[in-house]
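Colleague: Construct all of the structure, not just a fragment, from the sequences and the given hints.
Letter by letter, the chains look like this.
Number of protein chains: 2
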Amino acid sequence: MLGPGKADLLERIRDTGSIAGAGRAMAMSYKRAWSLVEELNAAFREPLVERARGGAGGGGARLTPAGAAVLAHYRKLEAITAEAGAAEIEAIRGLLSDMSSEK
Amino acid sequence: MLGPGKADLLERIRDTGSIAGAGRAMAMSYKRAWSLVEELNAAFREPLVERARGGAGGGGARLTPAGAAVLAHYRKLEAITAEAGAAEIEAIRGLLSDMSSEK
Numbered sequence: 001m002l003g004p005g006k007a008d009l010l011e012r013i014r015d016t017g018s019i020a021g022a023g024r025a026m027a028m029s030y031k032r033a034w035s036l037v038e039e040l041n042a043a044f045r046e047p048l049v050e051r052a053r054g055g056a057g058g059g060g061a062r063l064t065p066a067g068a069a070v071l072a073h074y075r076k077l078e079a080i081t082a083e084a085g086a087a088e089i090e091a092i093r094g095l096l097s098d099m100s101s102e103k
Numbered sequence: 001m002l003g004p005g006k007a008d009l010l011e012r013i014r015d016t017g018s019i020a021g022a023g024r025a026m027a028m029s030y031k032r033a034w035s036l037v038e039e040l041n042a043a044f045r046e047p048l049v050e051r052a053r054g055g056a057g058g059g060g061a062r063l064t065p066a067g068a069a070v071l072a073h074y075r076k077l078e079a080i081t082a083e084a085g086a087a088e089i090e091a092i093r094g095l096l097s098d099m100s101s102e103k
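Residue numbers (full-length UniProt numbering), protein chains in the order written: chain A, 1 to 103; chain B, 1 to 103.
All the pointers check out, no bait thrown in.
Just so you know, same-sequence chains aren't split out, so a pair can sit in one copy or run between any two.
Straight line, CA to CA, 25 angstroms or less: simulated SDA-like cross-link-like pairs of lysine to any residue:
1. K31 - E46
2. K6 - M99
3. K76 - L96
4. K76 - L95
5. K76 - A91
6. K31 - R51
7. K6 - E83
8. K76 - D98
9. K76 - P4
10. K6 - A79
11. K6 - A91
12. K6 - W34
13. K31 - S100
14. K6 - D98
15. K31 - L96
16. K76 - S97
17. K6 - L96
18. K31 - A66
19. K31 - S97
20. K6 - E50
21. K76 - R93
22. K76 - L63
23. K6 - L95
24. K6 - G94
Everything labelled a hint here was simulated from the structure, so no lab data went into it.
Modeller: This is how it looks when you write it as structure tokens:
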């Protein structure tokens, strides 16, 4: 439903004001970016992304209030879980090979 | 490096005593299961899975102590983060469409 990739996509749509621009920033095809947006919009009660028609540049896209809320909850969830899980993450990291843990 | 799919694979190798059996339990080809095991073994300082040669059935595979440790840390991480993140997860769930939230 929602994972790191889709959260990044939402964030980049917010920042670039465009689905195409967000896709480019993630080295993702426009088609793929649109398809993920459609999945997100279908999965939630209200669309998370809406096309912003008109204006000087025409077109563009932006997060709806629901989209902004979902992104904020997701980022907070990441922060909370990273903090709560720090000891376990560190334990797993300590078992990684030197090459893997440098990544 | 390690996510839900690989953690499940480790758990099923532990439970079935075989990479083929674990793959079957996850509707995954033997080749795919082996490839994931090789990635895991390469990523960590010590192999997580070893082939258990000989015995009545011959062959088979089992988790090494490092494999058992990594799996245990990962499951604990999941439990901790699910608990810590419950409020945010619930907030996101509440925004899902009825069809999505039934899944």
